[in-house]
Amino acid sequence: MKLTKLFVFLMIAVSLVFPISVFAEPTTIDWWHAMRGPRGDLVDKMIGDFNASQSEYKVVGTNKGNYDEVMNAGVAAFRAKKQPHILQVFEVGTQTMMLSGAIYPVFTLMKDAGIEVDWSRYMQAVLSYYMNADGNLMSMPFNSSTPVMYYNVDMFQKAGIAPLSKTDPITWDELGEITKKIVDGKIAPAGMVTAWQSWTQIENYSAIHNLAFASKANGYEGLDCELQINNPQVVKHIARLKSWADDNRFMYGGQKYQGPSAEFVAQNVAVYMDSISAIGKLKKSAKDFKWDAAPLPVEAGTAKLQNSIIGGASLWVLNGHPKKEYKGVAAFLKFLASNDMQEYWHKGSGYFPITIDAYDSLKSKGYYDAEPLQEVGITQLNRAIPTTISRGLRLGYFVQIRNIINEELELVWNGKKSPQEALDNAVARSNEQLRTFEKTYK
Amino acid sequence: MIKRSFFKSKYLPYLLILPQMVVTLTFFYWPAIQGLSQSFLLSDPFGRQSKFVWFYNYIGLFTDPLYLKSIFTTFFFSLAVAAVSLSLGLFIASMANRALQAKALIRTMLIWPYAVAPAISGILWLFLLHPSYGIVALGIKEWLGVDWNPVLYGSDAMVMIVMASAWKQISYNFVFFMAGMQAIPKSLIEAAAIDGASPFKRFWFISFPLLSPTFFFLTVMNIIYSFFETFGIIHTITQGGPGGSTNILVYKVYQDGFVGLNLGSSAAQSVVLMSLIIVITFLQFRFVEKKVQYGG
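Quick note, the sequences are listed as chains B and Z, same order. Every letter in the first sequence is one number past the one before it in our numbering, and letter 397, counting from 1, is 397. Every letter in the second sequence is one number past the one before it in our numbering, and letter 87, counting from 1, is 87.
Just so you know, the hints here were simulated from the structure itself, not pulled from any lab data. Hints may contain errors.
Some residues of chain B that are not near chain Z, with every Cβ distance over 10 Å (derived) [claimed, not checked]:
#1 Gly37
#2 Asp68
#3 Ala300
Derived PhoX-like pairs (lysine-lysine); straight-line CA-CA distance at most 25 Å [stated by the list, open to error]:
#4 Lys51/Z / Lys416/B
#5 Lys51/Z / Lys442/B
#6 Lys256/B / Lys141/Z
#7 Lys81/B / Lys141/Z
#8 Lys51/Z / Lys256/B
#9 Lys186/Z / Lys242/B
#10 Lys141/Z / Lys416/B
Remember, it's a predicted structure, so these values are computed and weren't measured experimentally. Glycine is no exception: its CB is placed at the ideal position from the N, C-alpha and C atoms.
Extracted from the complex, chain Z is given alone in its bound form (with noise of 0.2 Å):
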């Protein structure tokens, strides 16, 4: 029998969701609103005068070669990033899941880059593959003959940013994938091991299907990672450069906005990346998500 309690108070109910509700609309809606209301006027920073454009923010958007260049970016580099980091946290993560010793170690230490702020991540591999102070970079010009300059060559900037972004993430892969390895019943890779499966064909066709759930989570989240929160790293080693190859959405709204006062453009720009990221989210739960299974 299953147990129902009623409430008397009709009220009760609005009162517990109030809180959620309060933090909602001031955090996320009221600035969302603001936001669209901006990207129909032009105003100066100081707030003395707007006036009411229309769609002049955004028709200057899309006409403007570059700002569609910039989402052609944003979205190369997005995948570049969860490509990367997706498959090597699941590869590190399988690798880990056998260790015979140390398991706990191995983890903790696998755990670590995550705890890096992206900022700080940016920093370090600044320091690494700087073409003028980059210790590996010295390397790589020395001893490998490559002309290896993310300061002229935006293909060079766009692996390095790849690089900074996906380190940190292979880290927050890793725990989800470990974590859903270890929900994966033993018996049942041991069933197809018996029955003559490789490793790899156990992997592919047992544990991989079994992991699905995590792997679709895990997309959207290293997808909406590479949106926004790679911003420091952006910041830190590129500032968009050279010649704006790297310039993803996210930096753009923050230069337009933030370093140039343009707020119209800037708001109408976030309004922009607000819809990308829902149009994709919405992509991913209704085709992807169909094709991943929950549960045994």
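The following block holds chain B by itself, in its conformation from the complex (with noise of 0.2 Å):
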């Protein structure tokens, strides 16, 4: 009795005396971010792990909903001078954050925390979109994907096609013959179906073609940049795509991915393009029929054939904490950043690795010999160095431009517009969102 009483005693003591050393709280770091469910449960286990492997910082990780709603939480909190250490930001938000004034580029912070990181061991076309003029990295990736295109193998094979390369992608007229025959043979109902119209038909579209989304090298180069997507080729492919919608050899399943996706699952249609990142879901949901993945056409004839760009989000570090606070940070990014847990994410949710080194280790593990699929992305991302208009997109105001680019491309396919005047209103319309945006940072 004495003796824990004595006990107690002393540890008032020793608080008194050294009131932090002794009882030190590890720095808490917050991260605010827009993974949910299973990506929610590899995230957490990251953040659980890099907590374990240190006692000086805490990670904490909060769920603040779906991308947009991060976004908006992200900035009230700033407003409010409550702002996490890092936030999630979807790739549309990147010229909002880059312009904030908020942010902690992560190039300096890495700098700053004397961390030696060589940029040109990552993924470039993935960095590539998250850099500055200058080629500076302002956001870490962190999940990032491309679109590839999946097909109905069983489908493939009554029609009398072979299976697709998955390194080597075929035309767009290859892809009109093939939709042909499912369609005359009555195979299935319609030809092929796209998620995400904008980004997987002209963003993706134009990278891979080395076409200008936009001027000022796709908005990377000055804020006055104006739209190009009515060029001639890409009128050309949305007219292609509406004359196949026509004939059924295209279906047009809506803007996000649950239309389409449903429409492939139900085997309505034998092509589907969409995310890498559906595998995980396709693996679920389309059980009763074998597919697979290859990349996505490419126009015959073209002399260099370009990497495909990324979607997905980024994490941005906002300024306004102490000092010591960002060195946890840096090393949080880091630990993320390493082989075992650029290993872990890309298994389970199919997202990049965004470090060369973790594609390359998993490659000498022979994962990807298991997992062919997985690999598809990552070549036809990896297929040549990013040009100045192959590197990504950066617009103001994107997430309205691409609801523009939606509306526009639903008027040619229910017939109301033509190609030409739909995508000339799309370029319009946008150019003046771009102006309003350009007026409020000027």
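With the hints as a guide, bring both chains together as one complex.
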């Protein structure tokens, strides 16, 4: 009894003399993200591993809803000076974040924290989306994906079409013949369907063929950029899809992925274009038939094929916290980029590993022999060094611009506008958005 | 003799209305003024810089043909919702009022849909009518041979959101019509019946005029409902598509402000929306209410 009392006294005495050093709480680092469900579990595990690996910092991850809710939460918190250290923001918010004045660029963060990072060992097509015009990384890529083409192997077999290559893309003309066989042979009611039409059919189509999406190097080099998607080649591509829509080789399934994915799973179409991160979902839902993935089709006779571009989100470090805490943020970001974490994340979520080392390590372990689907996107993404056009898009009010493109494309599909009219209109409307954005930041 | 009480203190009445004033000021006037001032600014979402631009945001709106189209869409939509839900609500109420058995049960069952949140109602109708996975939609396409596709055709999408929005509101209208009908003295209807008026005439010349205050109240409520609360339905079913054909004003405010972070334009849109509602309500009270008969 006496001994306990003595111990308590001793404890109090010690804590009074050394208030911090003995009972030092780890510094808390807040991370607001949009990962839920299975992806949320992966994130929690990664955070847990980091917290267990050291005792100085404690990362607390909070799911704040979907992408736009997370961004809104970050904006509101920043205005109230209660911002988290790390905020996950979707790729279309990149320009707004860069100009926000609320961020601590990742390349300076790493430099200030004294962490050497060999950026050349990262996947360049991923990094380039989040670099400024000088080639410095502004935010840490986290979940990145790219669109590929899924197809129904059973239907292809029935139509007498050989399985497609996982590395070399077919041409759009070939896809036209394939879908014709599928529809004419009454193997499926429609040929192909696409999710996220602006992203897969215009943004990625432009990048792969090195066509400017907007002037000023897609907006990287100035706010006074203008959209250029009404160029003859994109118009021709949309016109082709429209003519396919008329003879059922193409069907429109909605702006997002739910409708298109349902059509593919229900075997109403033979070909389905969507992000590589759909692999996991398809594995669960498309069990009645064999399916496979191939790179997105390309135009015949393209001299040099470019990389496709990414979608997804990156981690932005927000300023306004004590310097010491940023050391922890840097340590955490470095931890996330480690091979173990990247391999875990890639295997679990289907998103790209962001470093070449993690990719090589997975390769040497034979992961891609067992999971060849996972490599289709990576090959397509890495098939060329990104040009100033294929490295990404940097547009203000990009959310609205995607909406505009979606709206105008829908008017093409339901026959209210010609492809040329619709794309001209999309450009004119988007330019108005870009001018307002420019005016805001001038 | 009328009894009047007087309070000695001059300040007590002010004190008593203070809570109400505080609530109204903080939750209505303050945000409304903020919105009004924001609508004259161009500012970045993080609030680091903002510029006073006079009517730039408003000019942008009213020179945009799509915004004008969105106003038209909103009016069409709210009139359609009000018409469908009022007429069906009234019809069901007059039927249920004549039910002979299990009256209470029937009433309770009919009120239920009102308890469903708009977003849930949207999801329910989506599962019925989505062209790719909707059960009813598959039936429509299979057996009726109709090319039903709200994902592609604007008119189909409009039909779908009107149905989803009106369905919920039918129950609400039903409750009020039911209560209104029960307040109508039976003797009036019986007297008319003795005079040889058909059930339809009894309804049209007796019940309906006596229901007019309820009808008026419900029209206002339904229009306000379809202007604002249908947000959840639009968000879950069409997101304003296809081709902007179901992009009603309140959804556009959300799209531009919360998703697109164009705060100035979004604020200007809310001011326009607020003014529209004020004008509509004013007109309703000014012209429609005159024709309404309160009391017997």
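Next item on the list: Any hints from earlier that this structure breaks? Give me their numbers in increasing order, please.
Entry: Per hint list: 2, 4, 7, 8 and 9 violated.
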